[in-house]
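K.L.:
For reference, the chains in residue letters:
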Amino acid sequence: MTAVIQTKNLSKWYGNVLGLSDVSLEVEQGVTGLLGPNGAGKSTFLKLITGQIKPSIGHVAIQGQDVWNNYPLFGRIGFCPEQDAFYDEMTGWEFMTSLLSLYSFSRADVQSRAEKALDFVELDKDKDRLIRGYSRGMRQRLKLAQAVAHDPEIIILDEPLNGLDPLSKRKVIRLIKDYKEAGKTVIVSSHVLPEIEALTRTIILLHQGKILARGDIHYIRDLIDKHPHMISVKCSDPRRLASSLVGEPSVLNIQFGPGPDTVVFETQDRDKFFGLIPRLIVDHRIDVEEITSPDDNLQAVFDYLVGK
Amino acid sequence: MTMSHNAVRSIFSFFFFLGRKARKTKVFFLISGLPVLVALIIQINRLFAPGSGIDGPAIFSSVIMAFNLQFLILVLALFYGTSICSEELEGKTLTYLTTRPAAKSAIILGKYAAYAAFLILMVAAAVILSFLILNVERLLDLSAWLAMIKGLGVLALGLMCYMAFFTLVGTFLKKSILFGLFFSFGWENIVQYFPGSTQKFTIMHYLKSLLPAASTGSAGKLSFLTFKLEPSPAGTAVATLVILTAVFLGLACLVFSKKEYIFED
Numbered sequence: 129m130t131a132v133i134q135t136k137n138l139s140k141w142y143g144n145v146l147g148l149s150d151v152s153l154e155v156e157q158g159v160t161g162l163l164g165p166n167g168a169g170k171s172t173f174l175k176l177i178t179g180q181i182k183p184s185i186g187h188v189a190i191q192g193q194d195v196w197n198n199y200p201l202f203g204r205i206g207f208c209p210e211q212d213a214f215y216d217e218m219t220g221w222e223f224m225t226s227l228l229s230l231y232s233f234s235r236a237d238v239q240s241r242a243e244k245a246l247d248f249v250e251l252d253k254d255k256d257r258l259i260r261g262y263s264r265g266m267r268q269r270l271k272l273a274q275a276v277a278h279d280p281e282i283i284i285l286d287e288p289l290n291g292l293d294p295l296s297k298r299k300v301i302r303l304i305k306d307y308k309e310a311g312k313t314v315i316v317s318s319h320v321l322p323e324i325e326a327l328t329r330t331i332i333l334l335h336q337g338k339i340l341a342r343g344d345i346h347y348i349r350d351l352i353d354k355h356p357h358m359i360s361v362k363c364s365d366p367r368r369l370a371s372s373l374v375g376e377p378s379v380l381n382i383q384f385g386p387g388p389d390t391v392v393f394e395t396q397d398r399d400k401f402f403g404l405i406p407r408l409i410v411d412h413r414i415d416v417e418e419i420t421s422p423d424d425n426l427q428a429v430f431d432y433l434v435g436k
Numbered sequence: 664m665t666m667s668h669n670a671v672r673s674i675f676s677f678f679f680f681l682g683r684k685a686r687k688t689k690v691f692f693l694i695s696g697l698p699v700l701v702a703l704i705i706q707i708n709r710l711f712a713p714g715s716g717i718d719g720p721a722i723f724s725s726v727i728m729a730f731n732l733q734f735l736i737l738v739l740a741l742f743y744g745t746s747i748c749s750e751e752l753e754g755k756t757l758t759y760l761t762t763r764p765a766a767k768s769a770i771i772l773g774k775y776a777a778y779a780a781f782l783i784l785m786v787a788a789a790v791i792l793s794f795l796i797l798n799v800e801r802l803l804d805l806s807a808w809l810a811m812i813k814g815l816g817v818l819a820l821g822l823m824c825y826m827a828f829f830t831l832v833g834t835f836l837k838k839s840i841l842f843g844l845f846f847s848f849g850w851e852n853i854v855q856y857f858p859g860s861t862q863k864f865t866i867m868h869y870l871k872s873l874l875p876a877a878s879t880g881s882a883g884k885l886s887f888l889t890f891k892l893e894p895s896p897a898g899t900a901v902a903t904l905v906i907l908t909a910v911f912l913g914l915a916c917l918v919f920s921k922k923e924y925i926f927e928d
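Chains as they are written, first to last, in the working numbering: chain A, 129 to 436; chain B, 664 to 928.
Just so you know, the hints here were simulated from the structure itself, not pulled from any lab data. Worth double-checking, as some hints may not be accurate.
Some, not all, of what chain A presents toward chain B, calculated at C-beta under 8 Å [what the hints assert, rightly or not]:
| no. | residue |
| --- | --- |
| 1 | Ile181 |
| 2 | Tyr199 |
| 3 | Tyr215 |
| 4 | Leu230 |
| 5 | Tyr231 |
| 6 | Gly403 |
Ideal placement from N, C-alpha and C gives every residue a C-beta, glycine not left out.
So that you can see chain A by itself, here it is in the shape it has in the complex (with noise of 0.2 Å):
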């Protein structure tokens, strides 16, 4: 498969702060999930591609054209941007209609293409307040609008998920879902590993401005999963679930706190070991409170790959 978009070298610098270093990937048709913690370099990688800011060093190209400053090349990308800003003093519908002009379509085009975007992302009632009156949510889903509404070949997303409720992300994956099977190139950044997995196989991992893996997700997955896991449960009888799960082999390490009322027990086999909780809480007559993993985000995982 031919290769949309092209990077070659491609390093940042901001001042003396490294933004990315030495990246060279081809980004095929389909959707490819850029996944990496805060300050990873994502987002200079998106503003790369989008010809946004100039490489240090190196070469950025979709499908085969120079990026910087190469205007009519931008007709074929919808980009949303991370950061939530936005011409406050305007409503959605004249943010849309005004950006939508922006391209050689028709008025009648404009307006069409404006109210489909809109009511794709539910704003069509909310289309006439400003935007300054508007939810988070719904800036983010106004942002995913005017990327998506001149029906681009190529669309980058930075953190599109952020900021939405459980049923608008459902919707904005199921879109990225469609734009995929539509033969388009979609590129989703994000720091949440699953919103990712729930997008694509295919990821790019960065990690301090560099590739750190790149490929299926199952990779990832594996690494993960062989990463030991911290799962803390805070529940009525700590040392009861404790006692109970003393013998078990998937878990390496059992510890009580922070308060009275927790337990924290590494294991190596997350799966096994959810799967053997629910028995236990049942038997056992456990209240539970909450159930979370401490260490269950991006950034640990990435610290567990860098051999931190």
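Take the given structure of chain A and dock chain B to it, following the hints.
P.N.:
Here is chain B on its own, set in the frame of chain A:
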């Protein structure tokens, strides 16, 4: 560097609409209305105290025009010209424009044209209202109307030239307002009074060269504005202002196209 007229027109519509709704426009609309208020007070005073010696038309051609030329157009050009680039950076909205199929020069030109158009309308409205109030007895005097129209033309030229300069400054300088204040009320207000050819290094020199009092060389109603002015010929003044505007805008487009803008976190 190519661009389409459609892109400039779309950006113009975008910001002509948005600029009018901006909060700062409401503030500057009130400031631009101050001369109207002054004109009203003067006219009311003349009605209640006839023969007080206050000459309405003279007040119009000196105080009102002086306020517009020496203060209002400078302030408007400074705040709107520098904001063409800086408000997009501070508001982090630049992304929405630079990821569209529109040349960066079209963004600058379209936004400049939009702001210049509604600022000229704003100033013109205030000037015409002040004129009507202060010249209520001379509304059939064609020469008064012609003088007012000429004054408006000078203000429009000044606004466009200063705004082009501040647009350029805004594209490469972060503290553009501070620099603009020094330029407007330091350089422009001082160097214009220098004798010899030094005063020709100010935009104000060319604007004042177009004022009636200056061109006649008499100590007319605008004499205090044209103190020590050694006027350039009207044609030279207009050509210089037009060329300066074009050069400033061209440079602004060039800087904006080449420069990389990074949002501050």
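K.L.:
Taking the least C-beta to C-beta distance, is Leu230 (chain A) closer than 8 Å to chain B?
P.N.:
4 Å, holds
K.L.:
Using Cβ atoms only, decide whether Ile181 (chain A) comes closer than 8 Å to chain B, and label the hint accordingly.
P.N.:
5 Å, holds
K.L.:
Closer than 8 Å between Cβ atoms is the bar; does Gly403 (chain A) clear it against chain B? Give me holds or violated.
P.N.:
Given a least distance of 43 Å, the restraint on Gly403 (chain A) is violated.
K.L.:
Does Tyr199 (chain A) pass the interface hint, meaning its C-beta sits closer than 8 Å to a C-beta of chain B?
P.N.:
5 Å, holds
K.L.:
Double-check Tyr215 (chain A) for me: the hint is only fine if its C-beta lies closer than 8 Å to a C-beta in chain B.
P.N.:
Holds. Min distance 6 Å.
K.L.:
Is the interface hint for Tyr231 (chain A) satisfied, with its Cβ closer than 8 Å to some Cβ of chain B?
P.N.:
Since chain B brings a Cβ to about 6 Å from Tyr231 (chain A), closer than 8 Å, the hint holds.
Taken one by one, the earlier hints fail for this structure only at number 6.
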